[in-house]
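Protein chains in written order, with the numbering used here: chain A, -5 to 339; chain R, 4 to 168.
Any given hint could be a false lead.
[Said to hold, decoys possible] For each label pair, taking beta carbons as the anchor points, the in silico distance ranges come out as: (1) R:K133 with A:P302: 56 to 64 Å; (2) R:E10 with A:V284: 34 to 42 Å; (3) R:A32 with A:E230: 53 to 61 Å; (4) A:Q255 with R:L150: 43 to 51 Å; (5) R:A163 with A:Q255: 43 to 51 Å; (6) A:S120 with R:R50: 55 to 63 Å; (7) R:L98 with A:S120: 20 to 28 Å.
[As the list claims (entries may be wrong)] Chain R is nowhere near these chain A residues, computed Cβ spacing over 12 Å in every case: (8) L42; (9) S258; (10) I296; (11) L318.
By construction, these hints were calculated from the structure, which means they are not laboratory data.
Just so it is clear, CB atoms sit at the ideal spot from N, CA and C, and this is done for glycine as well.
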Amino acid sequence: MSKNAGSATATAPKPKLAIYWAASCGGCEISILGIDTKILDVAAAFELVLCPCIMDGKVRDIEKLDDGAIAVCLFNGSIRNSEQEYMAQLLRRKSKVLVAFGSCAHEGCIPGLANLHDREEIFTNSYQETASTENPNKVWPQTATQVPEGTLHLPVFYDTVKTLDQTVAVDYYLPGCPPESPRIWEAIQAILSGQLPPAGSVIGSDTTVCDECGRKRNVKKIREFKRTWEIIPDPEICLLEQGLLCCGLATRAGCGALCPQVNSPCIGCYGPNNDVQDYGARFMSALASVIDSDNPKEIDQIIRDGIPDPVGSFYRFCLAGSLLRRGKRSAGNGQGATKQHQHVS
Amino acid sequence: MTETNFEPKIVGFLCNWCSYRAADLAGSARIAHAPNVRIIRVMCSGRVDPTFVLKALSLGADGVMIAGCHPGECHYVEQNYKAMRRYHLLKHTLLAMGVEPDRVRLVWASAAEGQQLAEAVDSLVADVKKLGPLGWSQNWEENGERLQALEHIINEHAEAMEVHS
């Protein structure tokens, strides 16, 4: 515990910090703990009031706080059900500064890829169709249960995963899946010192992964895209030049080009750079410049053969936060949401 | 809106040097075509970022037309080839997301081809009419029980608070 922070606590109550997770994997919390012994400085500077991943805490204690009582809330995870939406609304109300922490809260991340389907399809797969499932009575999760004391409710599973800022107003964004620990520490320092960028901005770099990548770049002319399992790439040369779909040129810097360093293409977890509305569109736009063909049939062939999963390749981390947000509903154009499923056990 | 009176909204990105002039020519030559296309003049088809197309579709367009100079005739030498490659990438992605390929079309029209541009507009409008409205933002509509579910949480938490306070 640093001396300065320690002496400050004797005179004034420490500002409150909340760390919450919604639809997420817990990797963001691990990355926070990855700031190592500096976590003690965080503990010295803040009173941690909520972080379900690493400590006990009760939602009702948060509900009892005055509005704006929490100085900073680092919110990771996307919004997939009503409980998560409630927590987003609650923490928004109780927090002065709400940070969309990590790719899920920022742009939907991997949970957002479920937006290629809706609840009906996801439940049918999970509770009926998977090879390890036997469910002859078609028992599906219900949101209401009758007990002698009354009706109890479980959260409603949404058709569409939403980002945090599609749900509540967000003050800052910290990108990455997960945000790298040094970037987290930089952000915490910025918050502690009050030297924050204008509200609404991403706390981070505004260059691309290519700028952090040490590989040699020559001329990008691609006639055939390769999947990662098809080649062992040259460790010195730009991966995109070797035909691998490396997302570095469309992706915000901040990770130190970790994946290209170990011969693996960037998959875009740090998301779009400043002023880019749609990450996938930016990546497609850049990629169009490196495909080495002027013949429409040939171009089509190169794309079809080399990019069998365009949404997974261009929108792996950002489908929920993209302009289209999701795939078309199975109900058909303009048919809106599916009805609550009526299966009963 | 029934199918019989469905008039598609189509956004057209036309390049300054060829296809916008083709549209001008169609006008001054009194060539009639469907009035569904809202034309936006861009300096080159190579200026059309896929973002423009996605934004149009997400904001309610039923279809998009991108029009430029014929391959080999670009005012900026080769930018329409870039448009072509972007278009193929975009179409591949849109198909995977469930947008019918006929809704987004790349058209080449020189400044002399008012007639061809008018025909391309008519054909796109006819195809999109067959497909019906896109209504993309309705895909985002949430399950009807969302607001109720949020209320249940608040009520149940309030009850729990009463017991413990």
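Hints versus structure:
1. One distance hint, 56 to 64 Å for the beta-carbon pair K133 of chain R and P302 of chain A, is violated here, with the actual separation near 29 Å.
2. A beta carbon spacing of about 40 Å between E10 of chain R and V284 of chain A agrees with the range 34 to 42 Å that was offered as a hint.
3. With their beta carbons about 59 Å apart, A32 of chain R and E230 of chain A fall inside the hinted range of 53 to 61 Å.
4. At about 48 Å, the beta-carbon gap between Q255 of chain A and L150 of chain R stays in the expected band of 43 to 51 Å.
5. The hinted window of 43 to 51 Å between A163 of chain R and Q255 of chain A holds, with their beta carbons roughly 50 Å apart.
6. Between S120 of chain A and R50 of chain R the C-beta distance comes to about 44 Å, which lies outside the given range of 55 to 63 Å.
7. Between L98 of chain R and S120 of chain A the beta carbon distance is about 26 Å. The supplied range of 20 to 28 Å therefore holds.
8. With a cut of 12 Å on Cβ distances, L42 of chain A stays outside the contact zone with chain R, its closest approach being about 22 Å.
9. No beta-carbon of chain R is positioned within 12 Å of the beta-carbon of S258 of chain A; the least distance is around 23 Å.
10. Distance check on I296 of chain A: its Cβ comes as close as 9 Å (rounded) to a Cβ of chain R, failing to clear the 12 Å threshold; non-interface status is violated.
11. For L318 of chain A, the condition that its CB be more than 12 Å from all CB atoms of chain R is violated, with the nearest at approximately 5 Å.
Violated hints, in rising order: 1, 6, 10 and 11; the structure is consistent with all others.
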